[in-house]
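K.L.:
Respectively, the protein sequence lines represent chains A and B. Residue numbers 1 to 442, in our numbering, belong to the letters of the first sequence in order. Residue numbers 1 to 442, in our numbering, belong to the letters of the second sequence in order.
It should be emphasised that the hints constitute simulated quantities derived from the structure, not laboratory data. Only a predicted model underlies this, so the values are computations on that prediction, with no experimental measurement involved. Heads up, some of the hints might be wrong.
Each pair may be met inside one copy or between any two copies, as identical chains are not told apart.
The calculated DSS-like cross-link candidates involving lysine-lysine, where the alpha carbons are at most 27 Å apart (straight line), are [claimed, not checked]:
no.: 1; residue 1: Lys68; residue 2: Lys166
no.: 2; residue 1: Lys55; residue 2: Lys164
no.: 3; residue 1: Lys68; residue 2: Lys120
no.: 4; residue 1: Lys186; residue 2: Lys159
no.: 5; residue 1: Lys428; residue 2: Lys335
no.: 6; residue 1: Lys291; residue 2: Lys257
2 protein chains.
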Amino acid sequence: MENIYFDYSNAGIKKYEIQYLKEPTRKAHEVLHEKTGAGNDFLGWVDYPVTYDHKEFEKIKRVAQEIKKDSEVFIVIGIGGSYLGSRAAIEALTHSFYNLCSDGPQIYFAGNNISGTYLKHLMEVIEGKDISINVISKSGTTTEPAIAFRVFKSYMEEKYGKEKAKERIYATTDQEKGALKTLAEKEGYETFAIPDDVGGRFSIFTPVGLLPIAVAGLDIDKIMDGAKEAKELYMEEDLDKNLCYQYAAVRNILYRKGKIIEVLANYEPALHYIAEWWKQLYGESEGKDGKGIFPAAVDFSSDLHSMGQYLQDGRRDLFETVLNIDCSKLDMEIKEEAEDLDGLNYLTGKTMDFVNKKAFEGIRLAHIDGGVPNLIISIPKMDEYYFGQLIYFFQKACGISGYLLGVNPFDQPGVESYKKNMFALLGKPGYEGLRETLMKRI
Amino acid sequence: MENIYFDYSNAGIKKYEIQYLKEPTRKAHEVLHEKTGAGNDFLGWVDYPVTYDHKEFEKIKRVAQEIKKDSEVFIVIGIGGSYLGSRAAIEALTHSFYNLCSDGPQIYFAGNNISGTYLKHLMEVIEGKDISINVISKSGTTTEPAIAFRVFKSYMEEKYGKEKAKERIYATTDQEKGALKTLAEKEGYETFAIPDDVGGRFSIFTPVGLLPIAVAGLDIDKIMDGAKEAKELYMEEDLDKNLCYQYAAVRNILYRKGKIIEVLANYEPALHYIAEWWKQLYGESEGKDGKGIFPAAVDFSSDLHSMGQYLQDGRRDLFETVLNIDCSKLDMEIKEEAEDLDGLNYLTGKTMDFVNKKAFEGIRLAHIDGGVPNLIISIPKMDEYYFGQLIYFFQKACGISGYLLGVNPFDQPGVESYKKNMFALLGKPGYEGLRETLMKRI
Chain A
1 MENIYFDYSN AGIKKYEIQY LKEPTRKAHE VLHEKTGAGN DFLGWVDYPV TYDHKEFEKI
61 KRVAQEIKKD SEVFIVIGIG GSYLGSRAAI EALTHSFYNL CSDGPQIYFA GNNISGTYLK
121 HLMEVIEGKD ISINVISKSG TTTEPAIAFR VFKSYMEEKY GKEKAKERIY ATTDQEKGAL
181 KTLAEKEGYE TFAIPDDVGG RFSIFTPVGL LPIAVAGLDI DKIMDGAKEA KELYMEEDLD
241 KNLCYQYAAV RNILYRKGKI IEVLANYEPA LHYIAEWWKQ LYGESEGKDG KGIFPAAVDF
301 SSDLHSMGQY LQDGRRDLFE TVLNIDCSKL DMEIKEEAED LDGLNYLTGK TMDFVNKKAF
361 EGIRLAHIDG GVPNLIISIP KMDEYYFGQL IYFFQKACGI SGYLLGVNPF DQPGVESYKK
421 NMFALLGKPG YEGLRETLMK RI
Chain B
1 MENIYFDYSN AGIKKYEIQY LKEPTRKAHE VLHEKTGAGN DFLGWVDYPV TYDHKEFEKI
61 KRVAQEIKKD SEVFIVIGIG GSYLGSRAAI EALTHSFYNL CSDGPQIYFA GNNISGTYLK
121 HLMEVIEGKD ISINVISKSG TTTEPAIAFR VFKSYMEEKY GKEKAKERIY ATTDQEKGAL
181 KTLAEKEGYE TFAIPDDVGG RFSIFTPVGL LPIAVAGLDI DKIMDGAKEA KELYMEEDLD
241 KNLCYQYAAV RNILYRKGKI IEVLANYEPA LHYIAEWWKQ LYGESEGKDG KGIFPAAVDF
301 SSDLHSMGQY LQDGRRDLFE TVLNIDCSKL DMEIKEEAED LDGLNYLTGK TMDFVNKKAF
361 EGIRLAHIDG GVPNLIISIP KMDEYYFGQL IYFFQKACGI SGYLLGVNPF DQPGVESYKK
421 NMFALLGKPG YEGLRETLMK RI
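Let the hints inform the model, and build the full structure from the sequences given.
P.N.:
Here you go:
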């Protein structure tokens with residue numbers, strides 16, 4: 001069976017540059033696998049495709065079937081790693097207009113912003129429909145999902161009564177402690193566990209990602225198969241033989257050359273949320289201590305008509321990584337017109353995917369000529385199996401890349417600053433001192 | 001009446017830095033208004049909110065009413081400037097789930113990618129519904145919309161017959177020449193004109209943007225009122241009195257300090273496509289000759305859980321511009337819970353917008369402390385009037401900013417490279433020589 005392929009032949013990197021990174025990469029591999037590096041409390045994801053709780057996995061499948069049976073609407077309440085992974089999978093692998101034409105429940109995401117307008121509009125759309133909710137939060141106290149869950153909990157209890165409501169609320173949370181765990185036990189919600197040693201941005205293969213993905217009708221066995229295969233493939237410590245480590249090493253080399261922005265490009269709009277998920281993975285893992293590549297994303301060819309000029313001819317601080325799907329899901333043939341006014345008749349009989357691939361090749365060459373190092377991650381096709389493989393590829397590469405950069409890829413200390421400020425300004429008890437300081441600055 | 005407000009008091013800019021830019025800004029103003037600078041063939045947008053063709057404007061409103069009456073689905077075929085403006089308006093100003101609950105026609109965008117999967121899925125969703133189409137292309141030969149239009153034209157003619165189909169196809173194109181203009185005349189489509197002196201990314205107030213916006217039920221008179229007011233406000237040549245020019249000048253100062261990435265942040269998910277539109281405006285206008293700020297966008301607070309760590313603590317190459325809506329459209333109150341497990345009871349009686357605003361203030365202070373210069377563009381509320389004002393603010397600032405940077409803000413020569421390559425690889429007649437060269441490189 002084919003696997004994901006990584007090509008850096010057009011990144012302008014010399015052989016000896018890669019060779020210099022062989023030993024550092026081997027060391028990063030060792031530190032990661034022997035759990036001797038920074039953030040080693042959060043390495044549960046490395047072996048997760050094998051070590052995961054198979055009993056809980058079966059429960060996910062069973063519960064997803066129940067939800068599909070009794071719900072017209074399924075609401076996923078979570079933010080960051082608690083929704084980006086499942087959203088990426090659902091958008092990449094289901095119908096482009098899933099909520100408009102799926103047989104299964106419509107799926108909405110809430111609790112990932114603080115917009116009253118969004119929440120009120122969402123309440124309008126689901127009015128009168130049968131609903132289930134998956135609230136996803138390790139602690140249960142993260143502001144955005146906690147607010148949304150208060151709203152939906154009270155809505156559900158009013159709509160169904162407390163007894164029936166609790167059968168439609170599913171909590172994915174800490175195994176033992178925390179506000180949501182306590183509430184779930186008190187109310188009698190079905191719960192799923194977020195492992196202690198898997199951070200939010202690495203949690204897609206846990207129930208965090210898998211329950212919503214299964215409700216969307218996707219095959220989570222195949223996703224785990226792909227992840228497991230990737231785990232095996234990327235165990236190889238030799239940089240020359242490990243494509244995943246090559247992605248990490250090449251990023252590091254480009255960064256040292258001053259390429260401080262990585263633009264992840266796709267040619268299928270359905271991959272948009274894979275890029276959003278990827279931004280969190282790399283931005284949060286590496287953007288610290290004044291370091292890190294700035295992750296940006298474009299949807300081609302759409303964004304060639306917005307960012308194309310910059311990529312071709314703006315500042316040369318960037319490199320481009322293309323997510324290329326070898327074999328498109330559906331395709332369409334271009335037909336002849338009697339009169340060739342638009343000048344497209346030379347494409348008669350060709351398919352849209354043929355045109356899309358030629359666009360990709362032409363753009364790649366143009367950007368290389370424009371001084372943009374080009375990387376390609378080729379995925380044989382976008383199905384559950386390769387989705388799982390791709391996700392693991394990025395996760396493992398991120399761990400290695402973070403160690404090569406010299407950061408702790410598994411923490412996110414920077415996000416505490418704004419949270420503290422926000423709590424203080426909101427008047428949360430315990431933040432009175434900071435509040436006083438901040439009020440003077442506003 | 002209140003207007004848009006620009007605040008750069010937390011950008012770390014000294015008074016004399018601004019003073020140094022007074023004369024260059026006055027000069028840029030002069031060059032722009034006297035049309036003596038680079039790209040002066042494309043300055044029609046400057047006076048457009050006053051000089052626009054009022055007769056055609058009335059036709060837009062009339063046609064929009066007809067489309068609303070006889071169509072369940074309205075498809076906008078266009079790429080780049082031919083769809084980003086209308087999409088930005090529709091998402092910012094209508095219901096968050098417009099296509100799921102609007103009384104008017106569902107609105108879909110096509111021809112902005114080359115994905116056969118997307119197009120096939122779209123055909124499935126609209127099956128059996130009454131359709132109108134707006135194809136938007138100056139030339140009619142741009143690959144993406146031309147392919148999509150071939151597909152939909154033949155679909156419509158099969159569905160309705162040639163005679164009826166032509167009454168459901170609206171072409172927004174060149175006034176006199178080009179493939180689409182010729183076809184429209186031959187087939188008898190209703191047409192709308194794209195002015196010769198308004199480039200794609202500046203075309204939102206022309207029929208390019210306004211027809212789809214009117215079909216969505218929005219008040220285009222108010223949009224033009226806002227644009228007109230902005231045109232008056234930002235005629236002032238004195239930098240000290242012109243907030244729009246201050247945005248241009250401050251960007252220029254920050255760029256010279258090494259702040260090469262601008263992150264446009266919003267706190268309302270409905271503003272997402274305003275940022276996409278803004279990326280094209282600034283990326284395409286300034287990203288040339290090896291220069292230009294790299295435009296990036298984040299949706300807060302969502303993306304604080306992905307990009308927040310980087311913004312707080314990554315490389316300090318960036319500054320942040322916040323689109324702040326003073327008064328949110330809808331709001332929701334946070335209610336007390338008997339048992340305060342999630343610890344949110346201190347917010348009882350507060351609204352989500354209150355929390356959202358405190359988040360904004362807390363984040364702003366945290367990022368400033370983290371070394372991120374902060375700009376705020378405050379919009380009194382997000383309605384048609386202020387939307388028009390905001391768009392014009394950004395357009396005028398872009399023209400001035402481009403002249404301050406020393407580029408031609410109104411061309412996009414860089415996008416020719418990839419187009420040529422693509423045509424050659426697709427086998428387009430006339431590109432045989434280039435094709436031979438490129439094939440050797442693949």
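K.L.:
All hints are to be evaluated individually against the structure, with a verdict given for each.
P.N.:
Structure-based check of each hint:
no.	hint	in the structure
1	Lys68 / Lys166	within (17 Å within a copy, 43 Å between copies)
2	Lys55 / Lys164	within (26 Å within a copy, 59 Å between copies)
3	Lys68 / Lys120	both (24 Å within a copy, 25 Å between copies)
4	Lys186 / Lys159	within (20 Å within a copy, 58 Å between copies)
5	Lys428 / Lys335	between (64 Å within a copy, 16 Å between copies)
6	Lys291 / Lys257	both (14 Å within a copy, 18 Å between copies)
Hint violations for this structure: none, all hints satisfied.
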